[in-house]
Amino acid sequence: MTEPKQFTGRTRQRKTRWTVHLGDVVAKNLITVGGLGTIIAVLMVAVFLVVVAFPLFLPGSVKGQAKIASPDLSNKPLNLAADEYQLLAWTLFPDGNLEVIRLDNGKVMERRAISARASEAPASTQPAADAEAATPAAPAEKPPVLTAWHFGESGTVALGFADGSTRVGTIAFEVDLLDAEDLPERLRSLAVGKLEEHDGGLLERLPNGQLRLHKLAVKLGEPVESTPGSPVRLIQGVNLTDGPLLAVLSDDGRLILNSLHTKRNFLTKKATITKEEATLPFKPDAHGLPAHMLLSGMGDNVLLAWPDGRLLRYDTRDLEAPKLAEEVALLADPAQRVTAFQFMLGNTTILVGDSSGRVSAWFRIKPPRATTVDGSLLVKARELPSSATAGTGVVCLGVSARSRIFAAGYADGSAKLYQLTSGKLLADLKTTAGQPLRALAVAPKDDGLLAVGDGALWRWAVDPGHPETTLLGVPIALLAAVFSSEFLQPKAKIRVKPLIELMASLPSVVLGFLAAIVIAPAIKDVIPAVLLLFVCMPTAMLLGGYLFQLLPERVTLRFAPYRLLLVGLISLPAGIAMAFLLGPAFERIAFAGNIESWLDGQRGSGVGGWLILLFPISAIAAAMIINRFISPVVRSAAMTWSRERCAVADLCKFLLGLGVALGLAVAGSWLLTLAGWDPRGTYIGTYVQRNALVVGFVMGFAIIPLIYTIADDALSAVPEQLRSASLGAGATPWQTASRIIIPTAMSGLFSAVMIGVGRAVGETMIVLMAAGNTPVRDLNMFNGFRTLSANIAVELPEAVRGSTHYRTLFLAALVLFVITFILNTVAEIVRQRFRKRAFQL
Amino acid sequence: MSRVAEPTPPTGPASGIPGVPGAPATPAQSIYRTSRGRAKTSLFAHGEPMVWLTGGALALAIFMILGLLSLIFVQGMKTFWPAPVVQVRTHAGATMMGEVTRVDHFVPTAQNYIDGAKTGNAAAPATQPGSTEAPAPVRRRLIRTGNFELTNTHYTWVSDFEIAEETLPAWAMVVERTTWGRFYGVPEAFLVDGKVETTGAEETWKRMKGVRAELEARLDARHVLETDEIGRVNGAIEAARLALHGVELREGASSPAYAAEKTHFDDIKKRSNDEFAAITVRINDLNRDNDRYKVVMRTAAGQEARLVAAEIVRAYPANQLSFLQKVGVYLSRWWEFLWDEPREANSEGGVFPAIFGTIVMTLLMSVAVVPLGVLAALYLREYARAGLIVSMVRIAVNNLAGVPSIVFGVFGLGFFCYIIGAGIDQVLFETSLPNPTFGKGGLLWASFTLALLTLPVVIVATEEALAAVPGSMREGSYACGASKWQTIHRIVLPRALPGIMTGMILAMARGAGEVAPLMLVGAVKLAPELPIDATGPFIHPQRSFMHLGFHIFDLAFQSPNSEAAKPMVFTTTLLLIALVAALNITAIWIRTRLRRKFVNNQF
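Chains A and B, in that order, are what the protein sequence lines are. Going by my numbering, the letters in the first sequence line up with residues 484 to 1324, in that order. Going by my numbering, the letters in the second sequence line up with residues 8 to 610, in that order.
Isolated chain B, as found in the complex (with noise of 0.2 Å):
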């Protein structure tokens, strides 16, 4: 090919590059070459399809982030869209009643034709076993069915060739419950202490509106009594059962100081019991107040259900919405999963506690992580004397940051919750052992780790920027008599502040999306209660926590019934995607901001 590299005018196109002549098209340098006996074929020097094969790599690589964010987005989006109930009849004669979630195609096999031939279903296909045509694929559907105490399945596949009937019944209703999954029926009637009270789907639908907002009042105060003041008995009981102990511990069991606890003890003990069956009683009454309410649905197989007005979460009768409702509907849906508790198993309800625990562990951490980083940035580039030491060293802090994120799990599970938190146990908690209180994976052990694992960005950032402004300014600043510290905290850091900002930003992002660490240090499925609330020192550090990259995990692998789970896992990590790419965007554009605000500033 060098043979063609004579001093010629180049021939090529020369994309991006202005000023270079186009090939030469015209006849008259083209007499000129072959004049001369030189070859004009450039083109194998071209390598056109070399430059293809690496575009075609950036494209695939385009095609690659692209697919995989519309799918998260249109699978993440599409979970809570109220789709319509189908009832469908089949040959063999059952019918069912469901929601019909995803479509697949698949080749039947022999024992296929065979059962539709035995139910005399004339759309089975024809294909016979033996003949030696291929069998095309035939569509089938998963129908989300529900009622599950009645039919123990939740989801039920039926191919198309299988189905005699389908119709979309007026009053079909999608009923969310608080336990058993979804329930899919006709309402038939209203029962008050098991008199009838209306009859009729549209009566009984209109009915059970009528008294939700009675419902939920007295759900709101069962939930009160349920968590905070069975909570506060239950935490007078064990404040005084640790006292006790600790009576015990220091002064020995015949001791007359144990004695005096114990009566003390006790006193609270009865004291608190009595509470608690006071209390007990009102939620009874409140449950059956509210159990008084039931409304009796039937199924698409005929079956007839009580099922108590309280344990509905929300209904609908989903093939009459009209478009507004749907979206009201929808958005009730979102309300929900952003607001409230799991239920199921997680595969329901919200994931308010995740989303929580995300926050605060994120924010926990950067009040860790940005003072610790800013500190090591400006002891390396301002004050310690540059050499192969301090070069050393910053290699070795960069470096950090591509240690695989379980590395720094083990160090915190080993170190913090292990060596650390057990310290504090054995000062501070000696009562409550053997049960650990910081001896564990929790909030402030996570934040402490994530601190760690996002410390390398922080100081590379910082570090960055520090080294961003111009010496100039700093002997401007020595010159006019400020001191080093002056100079620093007047001067540089402010001029930093853009790049410190976007490290610290940048290491939320990196710690909010991280999972593994979290997996040993103190993520759980399911924390019963938030590490900040109304008891006590009102935030608990050493408690578990849920959080949204975890729940994505638990979610996917773990949950029970993973059919119902899966929509839910793509709406989670909509969130947490929406959640980094937040955090990314803020810190891209308090860069530009501050940046422009001091380059105005500059001299």
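Just chain A, same shape as in the assembly (with noise of 0.2 Å):
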């Protein structure tokens, strides 16, 4: 007997339908396809990225590395440098001759000469043919030659020439956006990413459709005779407010000050130089003529160095009088010889390259017992590590024009790359050449590298910079969660939640052109009261609390669930009040009545910046003096006192707290401030409009919703028993909050502070709009600044597809990923870690 095929003993009677297998099959594979094929690509957005970005670090430590053959670059060159799109780059040969060369192709594409006579007008542009027929027949009064040249920052140059003649001016590349219908027809049909010569100049068509026109402008003033009759030997020049100062060594061992200031005449237009001159009590001994000769920033310092490392500093704050300030040694080793001696950006670090590869770097501090005239001594800050391979000296130094990074390059025709202040190795970059490298140049965006050597160009591609982001939001988000999933009253929660979630689906451009607009204009008014908001903002909060405290208890317990709406009402409009109040007279006491000028450095001591980066230091060493001194000696006492007299005690309390923090601030910022240190230039330092403390306050908008409601949740997600029997045992929900919730849901509450953390650093829109774009990397929080994301979006649209430049921005794309990508991830794990843990208690 064979068993029934089906259990209740019948056969089944309907058959499914073929269509609905046929539908089944259809749907499983279309939808494990289709599904499987979306999160492909989704995942694909960083596979892209990758296959983009990753060329850049193919061997040969950094792709982009470009060798660029030039033909008259066998001579030494005294300078190179390169426009800020790596275009072009301009070198000045000794004999006088500048040369303009292509990138792409190391063609040179104009040739002139640089002489003494200024009859040669600045303007005169030859093409590179005509040039080269006028140098050789050169007129029958040979022009002085050029002995002596200085380069210094955004193109300034001063040039010394053989009959002790000077000239300064500017050698910068220009650019500038042509109409198509000015343009020969052949330009016209320019295609994008394409360029063509025009005008003496480079002419590329950017990806939006724009013709922009590349070009080098050379201005050089007139002549001004400061060492008659000797040759110039060295010149360094700085541009001050009001005008050029040259410091000049002729080859009869005079050295001078000249001091140029220019007068136009309004009639025939023409500029007549005058100049003020002071002679340096400097002799020639022993050591002959110095190698090396530099000129600070503020013009108050004039050093000269000599090959075996002996260094003078002048002070010359005084024109009328300028006195020796000391003598340096600066090698230890004498079988060294100092081979490069260059500023960096700002003209006040010395970097000094030697003959055994190494490079240190020197500045001047004020010690409080200098016994030099000036009261300052220059003092050896950082000494990177010699090359690899021993006996290769560094030849040349190049310097960045924006930031703190700088290139050695080495006799073995290698060059580093090196940020200055971590003493980071950002590249070692080697030509394939054994020759020493003969000039450097660090791209002006800080984005690649140009080297002479070998007769060629050579150009490499490097990464920029960090994002940087203040989040004043992440208190205030989290301290506003556990208000409101424990103290807040269900029926207004329910109010309140969505209202600040409503916040989180604001547009970032809105945010971005409100901190633009609306919020950078009105804050720099009120700078000194916006400061103290930080104060006086917890300030009126905390006293708010204590002041409560104080009402008979039938009142605070009437009162207590309205708390949101007391705080809200008084204790926040009372601290706004507070801070603008306290503003101006905040402002006369610490910053000298005027805090832009303060910023500045123009006026008052440092004690003012101190107060302000000390006082959250100062306030958070009395908390723990306080509870760790003090709360014992009270609570013990307070055993037997009624409850108005410890609400009493517990408002003095806070006072001696606040008086105490307040103290401690003062006191350390007046002890810095007489040890010498001035923290302006630091985290403090010009305040710029759209600045760091601008994007960190409009940030919290964007991220405030985010980070409370992950908290929220995490808070809320706390078993409920847990709660009860917290309160069961008698503590008060304030100590249950902070001892037993907090605590549990510590997990959640990391997780919504990374992922916060995460949306900040991507940010684009508010950055953009509201941090002012200045590519400057200072921590200075009043200064402007450029994100990552913020330097994609505007440099983009820019670069031509393919090129190192676009490779670049593709790796900052990456690296955004990364960074979020890793940030939520961590986030997530923590937070189901956490959800597990939650569900266990």
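Be aware that one or more of the hints could be misleading.
[What the hints assert, rightly or not] Mimicking DSS-like on lysine-lysine, the simulated pairs with C-alpha atoms at most 25 Å apart in a straight line are:
1) Lys1007(A) <-> Lys573(B)
2) Lys491(B) <-> Lys511(A)
3) Lys491(B) <-> Lys498(A)
Keep in mind the hints are simulated off the structure, nothing from the lab. Note that the structure is predicted; figures quoted are calculated from it, not measured.
Fit chain to chain and form the complex, with the hints in mind.
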């Protein structure tokens, strides 16, 4: 007997139709393919970014290394500089010839002679062919030879000649957007990204269709007789507000400072240069003439250096009476030689390269008991390790025009790129030739390095900077979440939560626009009050709490559910009012009456700045001191006190803490100022209207809802029985919140912060609009800045597809992707662990 | 503090926690406590100040959001309200007329005193330079004086102490024009063919109103000619040129086919040129007819200006308007803002192309994102075998939602525009190279980029909705003999629909407000043509488009007349926020509605 097919004993009447089976199979395959495809497509974003950015990392350390052959580079060029877009570079040779070289094919586009005669008007741009014809057929009276040179920041140059005359001016690249109508026919249809020579410059078609002309502009002033009768040996120049200042050393040992003032005649438009002259007390001795000279950025110091490491520093603050300030030995080992000597950006830090391949950085400090005439000493701040192979000395240095990055070129043809502040080696680059490098230049945007060696131009691409963001929103969001999950009436919470979540849906372009148009100008007028807000607001809230305790217990019980209303309508406005009322007084006392000029360093001492920086630390310290030493005493004494007395004692304790915090901050600031440290120039400095502070403030709007929502979820997910048990054991709601709920939810809060930080790191529009986009890299919180994301938004539309710049921006995008991905993944994993833990509890 | 945490009844007020007894206020209890010599000072333990601090943070967050929203609302709504026109005569002798746009206070400098004293100004701030008394801040107003072609400025600051006399002239007119910004003046005469037809302000104003309809009819006719007709002719020439270029590429310039095509092209070109000339004649006729009417206006400074009546967009005697008339001007400006194209470098006129671009882009994005997102979620939740890999994929997809939007923009530019788009160009639009057709930013690529960006949102929302469908329903369906797909199709998906819709609308809200990636893949400050129009294949997904968010960025930072653009930024912002908020609220509404519908079906 066979078993029945169906347990009911009946064979099945209806068969599943084939269409149903087909539908099932089709749906399954479709969903599998489509779903997997979609997920892969999304994840492919990362893969694509990697693919595009990867060539940057190909062997040979940095991709984008290009060797550009150019005819005349076997001569030693004096200086090498590239334009911002790395399309053109210019070099100056000892024979006074200046060449403009195309970086894509090495062609010399223009050649012109720089001479001591102003008659050759600076604007005489000759095509390369003419110049070549003209140069050999020099006029009968040969112009004096170029003998000394100095190339300063942002294209300023100072040149000295064999007849003792000098010229100052600028040599810099300029860009100009052209109309297609103004161009000859063949250039109008230039394809995107293609380059064409035009009018002595290089014409580029941008991806947005505009035509951009890159051109070198040479503007040299009239010659000035600095050291008549003797060739100029060394020259240095800086631009001060009232005109250029030159330091000139002649072959016969005269060391002269020239302060030049240009006056323009209104009728003839002819400029006349008047000069003030000061002679420094320098006499050539057994050491001979120095090999290097530097003039500091403010024109207050002249430094002379000899190859054997001897350095003389002259104090030239008083032009009438320049004095020798000190003599320093730059090298410890007498066998070595100083081979390169140059200022970093800002003309205060000196880089010294020696024949052993070491580079050291020196700068002036003001120790309390200095014996020098100007009270400062030149000290070695940092020494970078020598190059790997012994005996390959530093031959040239190139410094960045925007950051603390510099490049050192070595005798074996290698180059290294360093970040000075961190001492980090950013790139180790090699040319194929074993010959010494002849000149080095860091590209203006820090995104490339150029070197001349082995008769060719070498070019590398370098990765740009790092994001920085201030986050004022984190504490607000976390505290707000704690309050709404633990102390807010459930009814009120229903209304409050969507309101804050609504903030999440605000487009960031709106926040950016408000930051730049409304908040930045508004804050500019009331900086001291805004700084005070950070102190006054928490103070007012805490004070509100302490005063609330003073009320009779019946009243506090009655009003406890309305705390949010009380704090919102009384404490918050009171805090704001307090900040704005105290603002002017604070400005008068701490910032000498005007915070902006104080930040510029024009007036006042550093006390106010230290106050800002130290107050948060001193507040924490004061809280710890009070908790450690006063609270136990008060608590044991208060055993028998009435409630009112306790409240008063509590208030006094708080006021005492506030006083201690203030006192500590003031004392600390005073001591630090006495010690000669001024915070200006590091964490605080010149106020720029669109700055990190404003961005941090508005970023709060963007991340508060995010952090708040996640943190609130985490706090609410703590099992109810924990809360009940704690309250049942006699803990107050605050004790429950601070010792039970928050520690339990800590991982959830942590992931909330991580996700918030992830958002802030990648936020583009707010930074783009409110941070001013100044590509500076200092820590001044009142300065503008630029993040990776804003950098991409600004530069990618202009980058030519496939170029190094393009790939570098893809790398930036990849870095952003990886940062946020890691932050979010860590947050997610932590959160899942927290969930598991919360369920187990 | 733990010393006080003895198992005595808690003394603290426990907000929102019912059943916990209040503090022992009765003497009996306190006697009981003191008799045991135990502290009742749980006051310190309450941490009331810390509670206030946390509450303050919440209050601050609420204050920030409400302040921000109300600022945008107030500023955005008041932009179009017609302000009175004030006429100001200063002590220095200058007279100007305009609308007050901004008021602030400043502390006058010594130079202000000297200048004030020079003009014999009695009302100048009394404090003399060198006096120790701190100078009091004085009020100054920014007056929109317009008349840019005469004065080379749109705005003038006037401090109160400079003013000798301030009046509200009855016939001061605000004239909005197609070029040069606003004009402020008193109408004097109406000219037809250079001959004076009416004089006097009232008569001229009447005549201006009378001729309006006629002028507008001609302007509309001209608009049709300029956009549609000329566009058609240009399109014909361009098509013929591309065809010719195509033949050249295929056959070479010396082939007979090329010669034939060349004659055809020349023929079309000749015909088009004739047509073009005819259209130009008609446009010129219309222009000539319109240019016959001119209005003579006199400015506050006494200069006379002849305005072409056809170039006036809107004019009204600001100081005579009744409340209803003001409402009329206000509404007509809103109408123009919503339905017209921008003029004057986007700082005047409307934002219709931007609204249109935003909506079309968002819809296209939804069309792309929803099916893919739902497919992916269905696979992850219903078909994939749960395990380590699936949960890793899930975390990864989740995290993509947190990746900065600019990264997607970079991807869109590099992949869609430069690889896919350039590939399409190579195959389909070879003739128009080197000008890219799809190989640049455009509507399609922007939509796809945003679709990628919002895909994680849809996937996560859909997955959650699918997970929320009770297993019992699935099992019930299987028990009834339904196949897997039938179950998903008929049982699971309908119930998950509210969640899916929510995900979709949240994705749309995010997409509509996103700007950073669009800057890279196709949003432009001024698009000459809408992506959907009456020519060609009607939908042009390759075209660049305008977007409200990008419009805000452009207006706020790249406008030549930034002061005039500022109120427009607020209004545009208000519009964008309203759009995003409307989408969010729709999401919530649909969710509750559908949920109610399906909750009833639950068994």
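Structure-based check of all given hints:
Restraint check for Lys1007(A) and Lys573(B): the C-alpha separation of about 18 Å stays at or below 25 Å, so the hint holds. Taking the CA atoms of Lys491(B) and Lys511(A), the gap is near 9 Å; set against the 25 Å cutoff, the hint holds. Of the pairs offered as hints, the one joining Lys491(B) and Lys498(A) holds, with about 16 Å between alpha carbons and a cut-off of 25 Å not exceeded.
The structure shown violates none of the earlier numbered hints.
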